[in-house]
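Colleague: Sequence:
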Amino acid sequence: MSRLAAFYPVVDSTDWIRRLVPVGVKLVQLRIKQRTADDVRREVRAALAICAPRRVQLVVNDHWHIALDEGADFIHLGQEDLAGADLRAIRTRHVKLGVSTHDDAELERALGVAPDYVALGPIYPTSLKAMPWAPQGLDRIGEWKRRIGRLPLVAIGGITLERAAGCLAAGADCVAVVSDVTRHPDPLARAASWISATTAASMGTIA
Numbered sequence: 001m002s003r004l005a006a007f008y009p010v011v012d013s014t015d016w017i018r019r020l021v022p023v024g025v026k027l028v029q030l031r032i033k034q035r036t037a038d039d040v041r042r043e044v045r046a047a048l049a050i051c052a053p054r055r056v057q058l059v060v061n062d063h064w065h066i067a068l069d070e071g072a073d074f075i076h077l078g079q080e081d082l083a084g085a086d087l088r089a090i091r092t093r094h095v096k097l098g099v100s101t102h103d104d105a106e107l108e109r110a111l112g113v114a115p116d117y118v119a120l121g122p123i124y125p126t127s128l129k130a131m132p133w134a135p136q137g138l139d140r141i142g143e144w145k146r147r148i149g150r151l152p153l154v155a156i157g158g159i160t161l162e163r164a165a166g167c168l169a170a171g172a173d174c175v176a177v178v179s180d181v182t183r184h185p186d187p188l189a190r191a192a193s194w195i196s197a198t199t200a201a202s203m204g205t206i207a
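Under full-length UniProt numbering, residues 1 to 207 are what the sequence shown spells out, in order.
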C-alpha cells in the first residue's frame with residue numbers, strides 16, 4: 001500500500017521541487033500552464049529525476065500524454081482534461097489518477113472513472129485565479145468524505161497552515177497548498193512547518 005501524505009504542495013516548476021524535496025516533502029504536484037509541450041516534457045523529466053530516487057510521489061497535472069511518455073506514475077486531471085484523456089491508456093500503464101471536483105455532477109463524473117483520489121475546491125476564497133464556484137467550506141468537505149468513503153479526499157483552495165487543521169478535522173485526508181508556500185516570505189521554513197503540523201494527521205491510503 002502506498003500512502004497519500006497529508007501535505008501536498010502544488011508548484012509550477014522543477015526548481016520548486018528541487019528546493020522542497022530536501023525539506024522533507026513526500027508528495028508534490030507539478031502544475032504547468034501556458035508552456036510549450038517541449039518545456040513541459042523537460043520539466044516532467046527533470047522532476048522525475050529528482051523525485052524517483054528519493055521516493056517522493058510526483059503528480060503530473062493535466063499533461064497526461066507527456067506523463068505517460070516520461071514514465072510518471074501519478075496524474076491529476078481537471079474536469080475538462082478528464083473528458084479528453086485516454087483513460088484506458090492511463091489505466092493500462094497502472095498510473096494512478098486524481099480528479100478535481102467542484103459540484104455534485106463533477107463528483108459523479110469523477111467517481112465514474114474510479115480515481116485514486118478526489119480533490120474538492122476551492123475550500124476558501126483564492127486569489128490565484130477567478131473561480132466560477134463559491135468557496136466550498138468545511139461542511140462540504142465532510143459531505144464529500146461521507147459520499148466517497150475510504151477514497152482519499154484532497155482539499156484545495158485558499159488553505160493556509162492555520163486553516164489546515166480544520167480541513168483535516170472536517171474529513172480531508174490531504175491538503176493541497178499553493179500560495180501559502182510559494183508566496184510566503186520564507187517558503188522553505190513554511191513548508192517545514194506544514195510537514196511538522198501534518199505529520200501526525202490521518203493519511204489517505206491508495207491501493
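Honestly, I wouldn't trust all of these hints.
Below, in silico cross-link-like pairs of lysine to any residue (SDA-like), each with a Cα-Cα straight-line distance of 25 Å or less [claimed, not checked]: (1) K96 / E162; (2) K33 / Q57; (3) K96 / R190; (4) K96 / S127; (5) K33 / D103; (6) K26 / V56; (7) K33 / D86; (8) K96 / P125; (9) K26 / A134; (10) K96 / R109; (11) K26 / G84; (12) K96 / A134.
Label pairs and their computed distance ranges (CB to CB) [as the list claims (entries may be wrong)]: (13) D69 / Q34: 31 to 41 Å; (14) W133 / R183: 18 to 28 Å; (15) P185 / R18: 12 to 22 Å; (16) R183 / R18: 14 to 24 Å.
Calculated directly from the structure, the hints in this document are not laboratory data.
All values derive from a computational prediction rather than experimental measurement.
From the three backbone atoms N, C-alpha and C, an ideal C-beta is built for every residue, glycine too.
Colleague: For the range 12 to 22 Å, tell me whether the beta carbons of P185 and R18 fit it or not.
Modeller: Given a distance of about 20 Å, which is inside 12 to 22 Å, the answer is holds.
Colleague: Hey, K33 versus D86, does the alpha-carbon distance stay inside 25 Å?
Modeller: 20 Å, holds
Colleague: Has the given pair, K96 with R190, been kept, meaning a C-alpha gap of at most 25 Å?
Modeller: 28 Å, violated
Colleague: Given the hinted pair K33 and D103, is their alpha-carbon gap at most 25 Å?
Modeller: Given pair K33, D103 holds - Cα atoms ~23 Å apart, limit 25 Å.
Colleague: Keeping to a limit of 25 Å between CA atoms, is the pair of K96 and S127 held or broken?
Modeller: Measuring from Cα to Cα gives roughly 29 Å; hence the hint is violated.
Colleague: State, for the Cβ atoms of R183 and R18, whether the hinted interval 14 to 24 Å holds or is violated.
Modeller: About 18 Å separates the Cβ atoms of R183 and R18, which means 14 to 24 Å holds.
Colleague: Confirm or reject the claim that W133 and R183 have a C-beta distance inside 18 to 28 Å.
Modeller: 22 Å, holds
Colleague: Quickly compare the C-alpha distance for K26 and V56 to 25 Å and report which way the hint goes.
Modeller: Satisfied, since the Cα-Cα distance of roughly 5 Å is no more than 25 Å.
Colleague: For a C-alpha distance cap of 25 Å, please report whether K96 and P125 respect it.
Modeller: 29 Å, violated
Colleague: Are K26 and A134 close enough, with their CA atoms no more than 25 Å apart?
Modeller: 30 Å, violated
Colleague: Need the status of pair K96, R109: alpha-carbon distance at most 25 Å?
Modeller: Given that 25 Å is the threshold and the Cα spacing comes to 17 Å, the pair holds.
Colleague: Keeping to a limit of 25 Å between CA atoms, is the pair of K26 and G84 held or broken?
Modeller: Judged against 25 Å, a Cα distance of about 29 Å means the pair is violated.
Hint check: violations occur at hints 1, 3, 4, 8, 9, 11, 12, 13; the rest are consistent with the structure.
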